[in-house]
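Colleague: Next come the chains, spelled out residue by residue.
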Amino acid sequence: MSVPEAVPARFGPGSRVQVRRADPPGHVRTPWYCRGHNGVIERICGNFANPEELAYNRDGLPVQPLYRVRFLCRELWRDYEGNAGDAVEIEIFQHWLEAR
Amino acid sequence: MNRQQEQDAQDSRGYYRRMQSAIEELLILKGVFSGADVEREVKAMDSRDPGRGAKMVARAWLDPDYKSRVLKDGSAAAEELGFAVGPLRLIVLEDTPSVHNVIVCTLCSCYPRMLLGLPPEWYKSRDYRSRVVREPRKVLQEFGTRIPDEVEIRVHDSTADMRYMVLPLRPAGTERLDEEQLAQLVTRDSLIGVTMVDAQG
Amino acid sequence: MRSHHDMGGLPAGRCEPDEHEYEMWEKRVDALMMLLSDKERQLLKVDELRRNIESLGADAYDRMGYYERWMHSISQTLIQRGVISIDELGRKMAEIEDRDERA
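Residue numbers (the working numbering), protein chains in the order written: chain D, 1183 to 1282; chain A, 789 to 989; chain Y, 878 to 980.
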C-alpha cells in the first residue's frame, strides 16, 4: 500500500494526541464527536490516500499516515458512567491530529 | 405512516428500482460491463456469509499459531482459509476475560462485508450508529448482552480503510467440540460484538 | 456544522435487532458499485459515493432506504464524471416504466 510519495509519520504507538477542532465543509471522515478530544495512538494503520480528496475524484496524494486513536469514554462524554477503562477507537488521518 | 406517505414511499421505491435497471442497461450498452458481470457479482455477494468469519474464529480457538496470525494480520489469515478480502485491511479484535469489543460505523455503514456478507438492517440504523459509541453497555443490553462492570468495553468506529471483526471468547463446556462444531456456535452478531457465543448454540 | 450523517453520540431510539432480506434490485445496486469501483473500471470511488449520499438533505437521508441512497449517489457520480448524461438516463427510465406497465 505504501508508495514513495508519503507524508512522514509524526506519531507512534503510545503518542498522546488531540484531534483538531476544525469544521470544514465537504466529505470528512473525522467524526464530530471526537473533535477537540484527547486520545492515545493505538497503532499506525499504514499510509492511505486522503478521502477528502478522493471524494472529488482526485488522487488523494500524497498518501497520509492513518492511525487508530483510543479515546476513553469519560474523555468523550463528561457524564459517562461505565468502567473508567471503557474506550472508543477511531481511525484518524494525521492531518487531523496534533501532539499534546 | 399516513396514506400519502405510504404512496410516496412506494413511488420512491419504484423510482430507484427503475433507475437501477436503467443504469445497468445503459452501462451494458456502453460496454462498461456485461450482464454476466452483474450476475457474477450478485452471486459472489450471496456466497459471502458469516460462516467465513465463524470458521476463522473456530480455527483460532483450536490453533494458537493460527490465532496469533489472525491477530497480527487478519487479511492474510482470512486469505489463508481461501477468503479474499480485497484492498481493505481486516483487523481482528480479541475478546478476553477483561475486554469486550464491539464494532460500528457511525459515519455510514462500513462492515467486513468481504468476510460476513451484507450487514444486518440494525447495523445501518440511526439508533445503533448514534448510540453504541455513547452508551455501549445499554445498547448491548438491548441485544440481551450484559457486560460485567469490571470488563472494559472497546467500541471500534470504522471510519477509514480498516475493517473489523471480533474474535469472541470461547465458551466453557466446548472442550470436546471440533472445528466444524465450534464454528456452528459462532453467530454473526457475536462477530460484530453485540452478543457473546453461547455453548448451547 | 455537524452534518446529519455524522451521528455518533446523538440521542436516538432503542436498538431493534431487525433483519431484512435483501431484494434482488438492492443486490444489483450493490453489484453496480462493486463493478464501477473495481481496479479495472475505476469509474467511481467509494468516497465519491459517500459524498453524494452525505449531500442529500437531512430529510431525504432519513426517508430514503439504504440502497435508494446508494442508487441516487451512483447516478450522481456517473453524471458528474460524464459517464452518462441526465437526458439518456431520463429516457431510459421512461422506457423502462413503459415496459413495466405493458408487462
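By construction, these hints were calculated from the structure, which means they are not laboratory data. Where hints are given, some of them may not hold.
[Stated by the list, open to error] Here are the simulated DSS-like pairs of lysine-lysine, each with C-alpha atoms no more than 27 Å apart in a straight line:
| hint | chain 1 | residue 1 | chain 2 | residue 2 |
| --- | --- | --- | --- | --- |
| 1 | A | Lys-855 | A | Lys-843 |
| 2 | A | Lys-843 | Y | Lys-904 |
| 3 | A | Lys-818 | A | Lys-843 |
| 4 | A | Lys-912 | Y | Lys-969 |
Predicted, not measured: the structure shown is a model, and the values here were computed from it.
Colleague: Honestly, which of those hints from before does the structure not fit?
Modeller: Going through the list in order, the structure violates hints 3 and 4 and respects the others.
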